[in-house]
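2 protein chains.
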Amino acid sequence: MNARPLLAALAALVFSCSSAAEDGYDLWLRAAAIKGARADEVRSHISEVVLPEGGSEVLRCAGEEFRRGALRALTQDVPVEKAPAREGSVVLGTPASSPVVAGLALPLQSLGDEGYLIRSQIVGGKRAIVIAANSDVGVLYGVFQFFRLVQSGQPLGALDVSSRPSTKIRLLNHWDNLDQHVERGYAGQSIWNWHKLPGWVDPRYTDYARANASIGINGTVLTNVNANATSLAPAYIEKAKALSGALRPYGIRIYLTARFSAPIELGGLKTADPLDPGVRAWWKAKADEIYAAIPDFGGFLVKANSEGQPGPQDYKRTHADGANMLAEAVAPHGGVVMWRAFVYSNETPTDRAKQAFDEFVPLDGRFNENVLVQVKNGAIDFQPREPFHPLFGAMPKTPLMMEFQITKEYLGFSTHLAYLGPLFEEALDADTRVKGGKKGVRPTVAKVVDGELHGYKYTGMAGVANIGSDRSWSGSIFDQANWYVYGRLAWDPELSARDIAEEWVRQTFTNDPAFVKPVVEMMMGSREAVVDYMTPLGLAHLMGTGHHYGPAPWVNDLGRADWNPTYYHRADANGIGFDRGPAKDGKGGSDAISQYAPEVARQFGDVKKTPEQFLLWFHHLPWSHRVSSGRSLWDELVVRYTRGVESVAKMQATWEGMKPFVDEERFKQVGDYLAIQHEEAQWWRDACIAYFQSINKLPLPDGYAPPKHPLEYYKSLRFPYAPGRT
Amino acid sequence: MNARPLLAALAALVFSCSSAAEDGYDLWLRAAAIKGARADEVRSHISEVVLPEGGSEVLRCAGEEFRRGALRALTQDVPVEKAPAREGSVVLGTPASSPVVAGLALPLQSLGDEGYLIRSQIVGGKRAIVIAANSDVGVLYGVFQFFRLVQSGQPLGALDVSSRPSTKIRLLNHWDNLDQHVERGYAGQSIWNWHKLPGWVDPRYTDYARANASIGINGTVLTNVNANATSLAPAYIEKAKALSGALRPYGIRIYLTARFSAPIELGGLKTADPLDPGVRAWWKAKADEIYAAIPDFGGFLVKANSEGQPGPQDYKRTHADGANMLAEAVAPHGGVVMWRAFVYSNETPTDRAKQAFDEFVPLDGRFNENVLVQVKNGAIDFQPREPFHPLFGAMPKTPLMMEFQITKEYLGFSTHLAYLGPLFEEALDADTRVKGGKKGVRPTVAKVVDGELHGYKYTGMAGVANIGSDRSWSGSIFDQANWYVYGRLAWDPELSARDIAEEWVRQTFTNDPAFVKPVVEMMMGSREAVVDYMTPLGLAHLMGTGHHYGPAPWVNDLGRADWNPTYYHRADANGIGFDRGPAKDGKGGSDAISQYAPEVARQFGDVKKTPEQFLLWFHHLPWSHRVSSGRSLWDELVVRYTRGVESVAKMQATWEGMKPFVDEERFKQVGDYLAIQHEEAQWWRDACIAYFQSINKLPLPDGYAPPKHPLEYYKSLRFPYAPGRT
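Chains as they are written, first to last, in numbering that gives the first Met the number 0: chain A, 0 to 725; chain B, 0 to 725.
Chain A on its own, in the form it takes in the complex (with noise of 0.2 Å):
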């Protein structure tokens, strides 16, 4: 009986009375077999792989993954030659590891350090395929690449590919505790296993590894950056390097969280304090102890005076003064320093959006040249909609990287299905409008962080992670795609989300177009969903207290203003939206307008201008404010309240009709999280319009149904055991 059948025969049985093998562990990596044509042109061009002898480990990592991508599409393993010996061979290497790349005379000098170059040509005498790089881990991306155009059915015969990563620090943040808590985890725990590290090193950590590697991901902060000082203890550095030999095979580069109280609490000193020679010995002797372990640890993530956390403010020190001491500690090992702007004091009575901004600008200019400032895509948190966050091209002098949060703590956890391509994308593509930067380069977000406007040496984006120990790395099957979009724009913050979305739907799922069509475009809608039924037109910050999980748009009393959903949406009897726009003779807006150059403060500081999406971002309008539609504004909430549920409902018709060409498992899973999503949905638009109705005591438009329960009951709801707390 050959492995067909067998599969076949197995299939059969799942989900009567057993479970099954599709369970989304391979993500986009899966690699179905091949068949028919397609399978003898694949054939054709992978008839052995020629790798040099006795190659570094990446090499030889990429020459496993070639086989193991040949056994997948063909199951059929590939010979490993020195030079070609068959028509249709595959070259792997570079020109210091492969004597044979060596002697095509490549045009490699554009690829950088980490780009590939992929090329259809004659290698000693015999048709074939190069995929060449100036590194080891260059050849590894192109690897990866070649199984994408393979996977994805693209021709393979007259191959020209090339293609380099656009920023230089691709990381993954993971917001893991020691105790393999994830905060705003909704994935399992931690695949971190520090209790059984270094002792013993998960084969998943390999896994991880690979599938970061294949959308050119290069590191990852192991540690939440509401950072544990014991992280940094001996024991855990061991651990930590234990971990980093798992992961370096494949390009991947670990970095860790500092906290900034670590010199107290783990040196025992009596200070923190960033100008404390003591304190600056601590970290040098400190960081030179993690790169005796580790030598190429990355650097350190660092949140500091925020939302509780300690920094160098609390020794009447800047975030400068902190950031430089930590980066002078690793500079002489090549190390970095990744400092958040994500920063809101409890006493500023400013505009929360401000801060960051207010903070960070006045010290342009005085990091040190190894320090990012990383900054959130907009001003207040991972909203499922925000306008660019205007610290984005007001630090020309600061290498600023970009922070997406790939986990979905605000956009439904793991079981909304949200695709967040076209979110990253809205970010990245954004334009700034400021002034100053590189001629002929348009100031988009996208041109701030891969540094080409303003000239950083050092350039980086960071994906908060939705990666745990469930099967299925991230909790749902289309969470993937959230890390695969992730990477492949942190590698090129110019490619299209949907062309992404198509290459993930196509590695993950099928190539046949009856699937591939319907299904990206349910991908393409599903954010502008979310956006409907929990927060249309500007609204934000409107979720559950804490866990973050459900509506809570009445909360007013937690223990800071700008904590309260209240806070946010200033509804009251004549209107809704936070006035962003400049005060008044004393009264009026927060100004944080001002923040943007001047032609987008113009824009967003004008109601009819301002993009409807973004308009109770930045005013407070009447409930009766006419809006494009011609409708009032409380109508017209209603309506997209309304339309975000419709949404879902399309989304399960939609998936409904897709049972034909996906497997059981992975089918009835989407099928199951869709239908809870609708459940949500409905909660969210119902909960929000009754209370909303509550306050402007407005009657719905016609034709729209009143809210299933009275306000009191979705007041009354609690979660207390609702995941990812922090």
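By construction, these hints were calculated from the structure, which means they are not laboratory data. Keep in mind that a hint or two might mislead.
Which copy is meant is left open, so a pair is good if it fits within one copy or across any two.
[To be verified] Here are the simulated lysine-lysine pairs, DSSO-like style, with alpha carbons at most 27 Å apart:
#, residue 1, residue 2
1, K516, K714
2, K437, K125
3, K315, K696
4, K269, K714
5, K269, K434
6, K586, K315
7, K667, K240
8, K583, K353
9, K315, K353
10, K283, K315
11, K353, K608
12, K608, K583
13, K456, K437
14, K707, K283
15, K714, K240
16, K283, K607
17, K240, K396
18, K240, K707
Since the structure is predicted, the reported quantities are computational estimates derived from the model, not experimental observations.
For this one, chain A is given, so just place chain B on it according to the hints.
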């Protein structure tokens, strides 16, 4: 390409750069394909499966398990028929469900509700194997037993096997919290994803049910004995209902823990007094509500007035008052109440080992018929070794359930290889020597628990689960054997731990005797190794505070005396051990021995007759006391601590020799864990010797190495993130 070369090729890629497939998920149901002549033999006996049409869900699952087992064994599906059509037929069913089985007039009377019969005979003129029972779940158990025979290499030509369980209620107890933390869990999070229930029912629940059914477990307590009233709230009953739907097809009923104060916390009552009519009505209504959702709900497990849990004594009522109130609520629905005897009170100055007996024996005869009292195997708390609990045999009118701990809270978590079969067997085989039971029945603990001695109507066994979200379920491959042996002994307490180990090894790894024999030997010695390096000669409870990770015999400053290791070992300059003999002249022992039957009390009360393994459990002896080896007590302690470490080294050597028989992934994981165990065994030895030596100032025997570090080093170690915290 057929299946085997494909799998071989994939395996060849394992552990070079990539990860692997033999991750332990399939447990003992792994069912490797059978090869060669044996495959032909098996094939000749399972040419088809005969199943009645339109059977129950359970019978349908029995049929699918058969097909799955056949498919795995022979990589070949078998046809399903309504009557035997081929030689080598396998006939499944009950007389009620299957006309074919009904026509055979099988001797099924003695099999009870859950037993099965497997017999070779001619059916309808064809050579057949009949797997029959009085109930569909009995057929399911028979199918699993049949494949145990198949996979263990047993001859199938002339089968005549029958079996019925010795206990009625065979449960796992999950100490799982609603936030998915598992108390004393070392295998990841809880597999119950309460947040996603009821909308999403993880297919893993089905595999959980299959695994349990395969060893005869028929119920599971979903929630922690340190209970949370929220688990009885309507939303959580809906979630439990969804879970019960996944488990029911495999004969697994669900149970919940009941927090005694739930009427206050959930019901808003002012009291939880079990004699209060409002409280009684609340529980009755709650039971009715649960049974309306889950008609086969099993009942409640209760931890009351123990370690801070609320209970009837808060209202000056007895445990019987509390249990009977709940028992009345579930009785109309056929449910039971399991009331834990693990009680110890802060105020009681007596030996903690005595308290359960003192509280419960006077209540014998005062519990309702559907109450079982659940008793841990020993009187302290799941130590590496304890003498049997004196309650066994002392409550002839009250069904006593055994509570074993499968999760290794005190035996090295999931990285120490310690097969618990011998521990369970030692407890079950202990002879209570009580009088007055059924004539001709040796009054062992097993005969108390299975009800034969005292004629209990209800009987049961509970195992505290070692199951979590880890891919391997139990955190390690060998910990799966502890789940397995628990289930097999709950079915039949008279099975041998060694035979069960062999069964498990054959199914989990291979039938090759070159593997089976040494690995079974290794398993059988492994628990004794733990006793030696942790708590030799009857010592107990010397583990680290709270988490119980590693040694901490020096701790003497905890909130209550009987949480301190010093309370248990009582070492001073003169000697060591806990005198549990009679008090003389106001001094002397705790008299715990008097709780045993007189013959046993005389044995344990006499230093010379006390088995050496319990020496310091019952006696405080001078360091110079001569033991059977001729050595002083101190020298013997050192020898045993050292021997424990050496035993682990021998296990490492044994395992190293097993490389040819095991896939790389499992070989490496076991080897890595053994290395951790060896390091931690050395730590245990050295820390304990350093500590006791600091007290007795005695030299080590010749040739025994001093501890690697000074005592202060061991005392300085801290493990704030050790897993499994309460």
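Hints, verified against the model:
When the C-alpha separation of K516 and K714 is checked against a cutoff of 27 Å, the pair qualifies neither within a copy, at 40 Å, nor between copies, at 64 Å. Within a single copy, K437 and K125 get their C-alpha atoms no closer than 46 Å, and across copies no closer than 88 Å, so neither meets the 27 Å cut-off. Taking the shortest Cα distances, K315 and K696 never come within 27 Å of each other, neither inside one copy (49 Å) nor across copies (54 Å). Taking the closest pair of Cα atoms, K269 and K714 come within 27 Å of each other only across two copies (25 Å); inside a single copy the shortest separation is 46 Å, beyond that limit.
Taking the closest pair of Cα atoms, K269 and K434 never come within 27 Å of each other, the shortest separation being 46 Å inside a single copy and 69 Å across copies. Taking the shortest alpha-carbon separations for K586 and K315, neither the intra-copy value of 32 Å nor the inter-copy value of 64 Å comes in at or below 27 Å. Proximity of K667 and K240 under a CA criterion of 27 Å is satisfied inter-copy only: 19 Å between copies versus 40 Å inside one chain copy. For the homomeric pair K583 and K353, the shortest alpha-carbon distance inside one copy (18 Å) is at most 27 Å, but the shortest distance between copies (78 Å) is not.
For the homomeric pair K315 and K353, the shortest alpha-carbon distance inside one copy (21 Å) is at most 27 Å, but the shortest distance between copies (60 Å) is not. When the C-alpha separation of K283 and K315 is checked against a cutoff of 27 Å, the pair qualifies only within one copy, where the shortest distance is 22 Å, while the shortest distance between copies is 63 Å. In the homo-oligomer, the alpha carbons of K353 and K608 lie at most 27 Å apart inside one protomer (21 Å), although the nearest pairing across protomers, at 80 Å, exceeds that limit. When the C-alpha separation of K608 and K583 is checked against a cutoff of 27 Å, the pair qualifies only within one copy, where the shortest distance is 20 Å, while the shortest distance between copies is 95 Å.
For the homomeric pair K456 and K437, the shortest alpha-carbon distance inside one copy (14 Å) is at most 27 Å, but the shortest distance between copies (87 Å) is not. Taking the shortest alpha-carbon separations for K707 and K283, neither the intra-copy value of 61 Å nor the inter-copy value of 31 Å comes in at or below 27 Å. Proximity of K714 and K240 under a CA criterion of 27 Å is satisfied inter-copy only: 26 Å between copies versus 48 Å inside one chain copy. When the C-alpha separation of K283 and K607 is checked against a cutoff of 27 Å, the pair qualifies neither within a copy, at 54 Å, nor between copies, at 63 Å.
Taking the closest pair of Cα atoms, K240 and K396 never come within 27 Å of each other, the shortest separation being 34 Å inside a single copy and 60 Å across copies. Proximity of K240 and K707 under a CA criterion of 27 Å is satisfied inter-copy only: 24 Å between copies versus 55 Å inside one chain copy.
Against the hints set out earlier in the document, violations occur for numbers 1, 2, 3, 5, 6, 14, 16, 17.
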